[in-house]
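Trainee: Next come the chains, spelled out residue by residue.
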Amino acid sequence: MGTTFCTWTSDCPGPLRGAGVDAERIDRFRREPLEGVFGPGERLRASRGDGRDAERLCAGFCVKEALWKALEEPYDLRECEVIADPEADRAEVLLHGDLAVRLRGTVLEVRIWRDPEEIRAAVLVHDGAALGEGETG
Amino acid sequence: MKELDPATVQEITDLVYDFFAAECDIDRSRLHSGTRIIEELEGDSLMFLSLLEKVRKRWGIGIELKTLARHLMKKPAQTIGQVVDLSVAIVRHGDDILHVDL
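First to last, the sequence lines map onto chains A and B. The first sequence begins at 3 in our numbering and counts up by one. The second sequence begins at 187 in our numbering and counts up by one.
No lab work stands behind these hints, which were simulated from the structure alone. In this text, all values refer to a predicted model and were calculated from it rather than measured experimentally. Glycine included, C-beta positions come from ideal geometry on N, C-alpha and C. A hint or two may mislead.
Stated by the list, open to error - Reference listing, derived: stretches of chain B covered by chain A, where coverage requires no fewer than 3 residues with Cβ under 8 Å from a Cβ of chain A: (1) 225-239; (2) 254-264.
As the list claims (entries may be wrong) - Heads up, simulated BS3-like pairs for lysine-lysine below, C-alpha to C-alpha not over 30 Å straight-line: (3) B/K252 x B/K188; (4) B/K260 x B/K188; (5) A/K71 x B/K261; (6) B/K240 x B/K188; (7) B/K188 x B/K261; (8) B/K240 x B/K261; (9) B/K243 x B/K260; (10) B/K260 x A/K71; (11) B/K252 x B/K240; (12) A/K71 x B/K243; (13) B/K240 x A/K71; (14) B/K243 x B/K261; (15) B/K188 x B/K243; (16) B/K260 x B/K240; (17) B/K252 x A/K71.
Generate coordinates for the entire structure from the input sequences, incorporating the hints supplied.
Mentor: Okay, here's the thing in C-alpha cells:
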C-alpha cells in the first residue's frame, strides 16, 4: 500500500476533539462479514448480491477503525453502524449503546475516498450538537 | 476459569498457525513462535479480528472486543507465540481476561 493524499475543507464549526484515518483493500471483505465487527443491519445491507457488498463492508470497517483511532479508546465496533453508499464520499453513521452515550454532544464528520482496489476513510470528532441513541452523526 | 486439557491447547495452537499460514499465504512450516506478526507477516487489526472471530465461534466465547482491546493495550501480542498464549487465555478466561496477568 503506497502513500496517498486526501484533502478536504471541514464545514463543521465545533472544535476538533479527535481525528482518525484508515485504509483497507476491498478484496479482503469478499467473505462472510465478521459478527464481532458488523451489526445485523450492516450484515443485511452487505448481502444484496449486487457485486458491491465488499465495498460496503470495507467502507464500514474503515470508518469504524478511523473512529477508534480518533477516540484513542476501544469501543464495541458494532455500536458504530455505518451505512455506506458505494457511490458516495460520505457515510451515514448511527451510534448505539455505550458509544452513543459516550459521544453525546459531539458531531462526527466522515469522508470516504475510493479507488477500484482500496477504500480510505477519515473521521473527525467535533464538539457540537448532541447525538443520542440511533441518531446520525 | 475453564480448565483446558492439552488436546484443546494444541487445537488452539493449530488454529492460530493455520490461520496465519492461510491469511498470509505462507507455508506453515515457516512460522514459529517468535514470528513477528506485524513486521514479518504484515498483520493488522482486521487479521486479528478475523482470528478472534474464529476462536469465539469454535469455543462459543462471548468475549467483547473492547475488553480484549483493553487487555492488548496493557500487554500487546506481537509474535505468533504470544497470540497463541492470548488465544488460550481467551478460551480459558473469556471476559475475565482483563484481570489476568499473562
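Trainee: If a hint holds in the structure, say so; if it doesn't, say that too.
Mentor: Status of the hints after comparison with the structure:
1. By the rule of at least three residues with a Cβ nearer than 8 Å to a Cβ of chain A, the coverage given for the region 225-239 of chain B holds, with 6 such residues.
2. Counting residues of the region 254-264 of chain B whose CB lies closer than 8 Å to any CB of chain A gives 3, so the stated coverage by that chain holds, three being the minimum.
3. Our distance criterion of 30 Å between C-alpha atoms is met by B/K252 and B/K188, whose separation comes to about 21 Å.
4. Taking the CA atoms of B/K260 and B/K188, the gap is near 23 Å; set against the 30 Å cutoff, the hint holds.
5. For the hint pairing A/K71 with B/K261, the CA-to-CA distance comes to about 18 Å; that is within 30 Å, so the pair holds.
6. Only pairs whose Cα atoms come within 30 Å are accepted, and B/K240 paired with B/K188 is accepted, the gap being roughly 18 Å.
7. Note on B/K188 and B/K261: the hinted pairing holds, with a Cα-Cα distance of about 21 Å set against a maximum of 30 Å.
8. The suggested pairing of B/K240 with B/K261 holds, with an alpha-carbon distance near 21 Å, which does not exceed 30 Å.
9. The hinted pair formed by B/K243 and B/K260 meets the criterion: a straight-line CA distance of about 25 Å does not exceed 30 Å.
10. For the hint pairing B/K260 with A/K71, the CA-to-CA distance comes to about 17 Å; that is within 30 Å, so the pair holds.
11. Among the hinted pairs, B/K252 with B/K240 is consistent with the structure: their alpha-carbon atoms are about 17 Å apart, no more than 30 Å.
12. Distance check on the hinted pair: A/K71 and B/K243 sit about 27 Å apart at the alpha-carbon level, within 30 Å; holds.
13. Restraint check for B/K240 and A/K71: the C-alpha separation of about 24 Å stays at or below 30 Å, so the hint holds.
14. For the proposed pair B/K243 and B/K261, the alpha carbon gap of about 24 Å is at most 30 Å, so the pair holds.
15. Taking the CA atoms of B/K188 and B/K243, the gap is near 16 Å; set against the 30 Å cutoff, the hint holds.
16. Using a Cα cut-off of 30 Å, the hinted pair B/K260 and B/K240 holds, with the two alpha carbons roughly 23 Å apart.
17. Only pairs whose Cα atoms come within 30 Å are accepted, and B/K252 paired with A/K71 is accepted, the gap being roughly 13 Å.
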